[in-house]
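In order, the protein sequences belong to chains A and B. Start counting the first sequence at 1; every next residue gets the next number (the UniProt record's numbering). Start counting the second sequence at 1; every next residue gets the next number (the UniProt record's numbering).
Read the hints as simulated data drawn from the structure, not as lab findings. We put the CB at the ideal spot given by N, CA and C, even for glycine.
No more than 25 Å apart at the CA atoms, straight line, and that leaves these computed lysine to any residue pairs for SDA-like:
| id | chain 1 | residue 1 | chain 2 | residue 2 |
| --- | --- | --- | --- | --- |
| 1 | A | Lys76 | B | Thr119 |
| 2 | A | Lys149 | B | Ala113 |
| 3 | B | Lys6 | A | Ala101 |
| 4 | A | Lys92 | B | Leu8 |
| 5 | A | Lys98 | B | Ala113 |
| 6 | A | Lys125 | B | Leu5 |
| 7 | B | Lys102 | A | Thr12 |
| 8 | A | Lys92 | B | Ser14 |
| 9 | B | Lys186 | A | Thr12 |
| 10 | A | Lys76 | B | Asn264 |
| 11 | A | Lys125 | A | Tyr104 |
| 12 | A | Lys266 | A | Ile239 |
| 13 | B | Lys9 | A | Leu130 |
| 14 | A | Lys65 | B | Ile117 |
| 15 | A | Lys266 | A | Asn238 |
| 16 | A | Lys229 | A | Asn261 |
| 17 | A | Lys149 | A | Glu175 |
| 18 | B | Lys102 | A | Pro148 |
| 19 | B | Lys102 | B | Leu15 |
| 20 | A | Lys126 | B | Arg12 |
| 21 | A | Lys125 | A | Ser158 |
| 22 | A | Lys98 | B | Leu107 |
| 23 | B | Lys184 | A | Tyr88 |
| 24 | B | Lys102 | A | Pro72 |
| 25 | A | Lys76 | B | Leu263 |
| 26 | A | Lys65 | B | Lys260 |
| 27 | B | Lys6 | A | Arg111 |
| 28 | B | Lys259 | A | Tyr99 |
| 29 | A | Lys76 | B | Arg261 |
| 30 | B | Lys186 | A | Gly14 |
| 31 | A | Lys222 | A | Pro37 |
| 32 | B | Lys9 | A | Asn124 |
| 33 | B | Lys13 | A | Met91 |
| 34 | A | Lys92 | B | Phe17 |
If we take Cβ atoms under 7 Å as the criterion, some of the chain A residues that face chain B in the derived model are:
| id | residue |
| --- | --- |
| 35 | Leu50 |
| 36 | Leu52 |
| 37 | Lys76 |
| 38 | Phe86 |
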Amino acid sequence: MNVIEINNLTKTYGKARGITDISFHVEQGEIFGFIGPNGAGKSTTIRTLLSLIYPTSGSATIFGKDCVQAAPEIKKEIGYLPSEVFYYDNMKVKDLLKYSASFYKKDCNKRIKELAEIMDLDLNKKIDDLSLGNKKKVGIVQGLLHEPKLIILDEPTSGLDPLMQQKFFELLEEENKKGATILFSSHILSEVQRLCNRVAIIKEGKIVTVEKISTLQENNYKKFKIETKTQLDRNYFNISGVNNLEVNNNVTSFIFKGNINDVMKKIAATEIANLWIEEPDLEEIFMHYYEKEV
Amino acid sequence: MNIFLKELKSHRKSLIFWSIGVFFMVASGMAKFEAFSSSGQSINTMMADLPKSLKVVLGMSDLDLSMASGYYGMLFLYLLLMATIHAAMLGATIIAKEERDKTAEFLFTKPVARTTIITAKLLAAFVNIVIFNLVTLVSSILLMGKYSHGEDVAGEIAVLMMGMFILQILFMVIGSALAAVKRKPKTAASQATAILLLTYGLAVAVDLNEHLKGLKYLTPFKYFEAKNVMYGGGLETSFVVLSAVLIGVLAFATFFFYKKRDLNL
Numbered sequence: 001m002n003v004i005e006i007n008n009l010t011k012t013y014g015k016a017r018g019i020t021d022i023s024f025h026v027e028q029g030e031i032f033g034f035i036g037p038n039g040a041g042k043s044t045t046i047r048t049l050l051s052l053i054y055p056t057s058g059s060a061t062i063f064g065k066d067c068v069q070a071a072p073e074i075k076k077e078i079g080y081l082p083s084e085v086f087y088y089d090n091m092k093v094k095d096l097l098k099y100s101a102s103f104y105k106k107d108c109n110k111r112i113k114e115l116a117e118i119m120d121l122d123l124n125k126k127i128d129d130l131s132l133g134n135k136k137k138v139g140i141v142q143g144l145l146h147e148p149k150l151i152i153l154d155e156p157t158s159g160l161d162p163l164m165q166q167k168f169f170e171l172l173e174e175e176n177k178k179g180a181t182i183l184f185s186s187h188i189l190s191e192v193q194r195l196c197n198r199v200a201i202i203k204e205g206k207i208v209t210v211e212k213i214s215t216l217q218e219n220n221y222k223k224f225k226i227e228t229k230t231q232l233d234r235n236y237f238n239i240s241g242v243n244n245l246e247v248n249n250n251v252t253s254f255i256f257k258g259n260i261n262d263v264m265k266k267i268a269a270t271e272i273a274n275l276w277i278e279e280p281d282l283e284e285i286f287m288h289y290y291e292k293e294v
Numbered sequence: 001m002n003i004f005l006k007e008l009k010s011h012r013k014s015l016i017f018w019s020i021g022v023f024f025m026v027a028s029g030m031a032k033f034e035a036f037s038s039s040g041q042s043i044n045t046m047m048a049d050l051p052k053s054l055k056v057v058l059g060m061s062d063l064d065l066s067m068a069s070g071y072y073g074m075l076f077l078y079l080l081l082m083a084t085i086h087a088a089m090l091g092a093t094i095i096a097k098e099e100r101d102k103t104a105e106f107l108f109t110k111p112v113a114r115t116t117i118i119t120a121k122l123l124a125a126f127v128n129i130v131i132f133n134l135v136t137l138v139s140s141i142l143l144m145g146k147y148s149h150g151e152d153v154a155g156e157i158a159v160l161m162m163g164m165f166i167l168q169i170l171f172m173v174i175g176s177a178l179a180a181v182k183r184k185p186k187t188a189a190s191q192a193t194a195i196l197l198l199t200y201g202l203a204v205a206v207d208l209n210e211h212l213k214g215l216k217y218l219t220p221f222k223y224f225e226a227k228n229v230m231y232g233g234g235l236e237t238s239f240v241v242l243s244a245v246l247i248g249v250l251a252f253a254t255f256f257f258y259k260k261r262d263l264n265l
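Could you put together the complete structure from these sequences and hints?
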């Protein structure tokens with residue numbers, strides 16, 4: 001079953017670009033990455049899903065229900081962490097979390113204590129005395145305290161130190177094992193690579209591709225680095241499938257996607273001094289996705 | 001219910017300050033009356049020399065200022081201004097503040113409909129306005145009792161407060177409707193206050209110029225004036241109906257537009 005289904009979703013704000021014709025789905029039980037640079041439309045998509053803003057055209061369903069018509073009902077099972085957390089300043093952390101819990105018809109006290117312990121959060125402090133990182137922790141506890149079936153995270157790691165990020169990821173993996181579906185938006189590839197099963201790449205308001213992380217990484221791409229006795233001509237590797245070609249004195253490097261024999265023949269025809277063939281990391285693939293349409 | 005209680009709590013401090021303010025307004029006003037009336041000189045003869053425009057602006061035309069009730073009628077204008085400014089700002093802020101303080105992403109991702117949130121907020125604002133009105137009523141009756149030299153004024157005050165209450169609600173929904181319609185709700189409170197001052201200015205202009213009489217329907221400050229309401233005049237039915245219609249339309253607009261609008265995040 002698909003927990004989230006987005007069909008041709010478009011949102012425009014006057015002249016400013018929003019998102020155009022976005023379609024993808026998130027399956028039950030997966031951790032789905034949503035990645036793109038700042039301003040690509042990640043937050044716009046998420047806010048439309050949460051009906052904070054309404055679609056210009058197209059539609060989306062969550063748990064099989066329309067995200068605008070059934071908004072209050074589906075939000076019972078959604079936990080949301082916004083990219084920037086702002087809360088009522090004059091409240092204590094404890095009071096804010098209780099207020100948040102009061103919207104769900106279940107007792108969340110035990111879970112609040114557990115989560116605060118894991119995230120090392122002082123419940124008795126006033127919110128306006130908290131640092132950015134600690135506010136983010138309040139956001140995390142606030143988003144998870146009602147044990148939602150769908151967790152939506154918009155750039156959740158900004159402000160968290162590496163140790164806390166680690167704990168937070170473990171927490172998410174645990175929730176995921178318990179059955180929660182997670183939509184994880186980010187512009188940092190390594191964290192998506194670490195956590196997600198599938199990923200949608202968004203650029204300038206449009207989805208570029210939706211793929212499995214493993215597909216992105218393993219099947220298609222190889223990173224070549226060739227050291228030759230003499231400098232190669234830039235056009236020597238001018239065959240289809242070669243990207244990000246760089247020639248640096250005697251070292252030539254590129255990312256290749258396609259029939260590997262074609263490259264091997266080209267390489268075999270030259271006098272080489274050394275050769276590296278590696279799996280590219282997601283970062284490089286990602287750059288490639290962005291550059292090829294420039 | 002949780003939103004309603006939260007709103008009551010977050011507006012408690014401001015309501016206390018406004019209440020203290022309105023109490024001192026009545027107290028200082030009536031203390032001045034005491035000073036006037038005990039000086040032996042009739043206020044009326046003194047006031048007769050003032051130019052008409054000044055009397056209109058100060059709200060003292062056509063009232064017998066030598067009587068406690070007449071003096072209160074003048075004071076009422078200032079109480080009314082305070083009460084409506086409070087109401088207009090409250091109505092606008094209570095709706096707009098989630099977007100202003102960026103807490104909208106918290107509240108509006110909870111499993112409640114927008115209409116439920118607006119209902120809770122307007123109810124909380126309504127309670128604040130009732131309390132403001134009662135504080136004014138009680139302070140007025142207590143302090144007038146002290147200065148009125150036996151003149152029975154409680155009934156007059158009660159009718160004036162009814163009129164004030166209707167206008168408070170009217171300005172509250174003017175504020176909330178502005179906050180609901182506007183794309184930048186932050187400015188709703190200042191705009192509501194601007195509308196208030198504009199309509200007040202219009203009321204003064206109508207008083208000064210006979211030809212503008214027809215415009216009295218456009219300014220709520222002409223609806224329930226002390227000189228008409230007191231001494232058995234009561235609230236004029238046409239203005240009560242007009243107020244009710246305006247309140248209904250603006251309350252509906254608040255819900256209608258806020259439900260359909262993109263939140264300003």
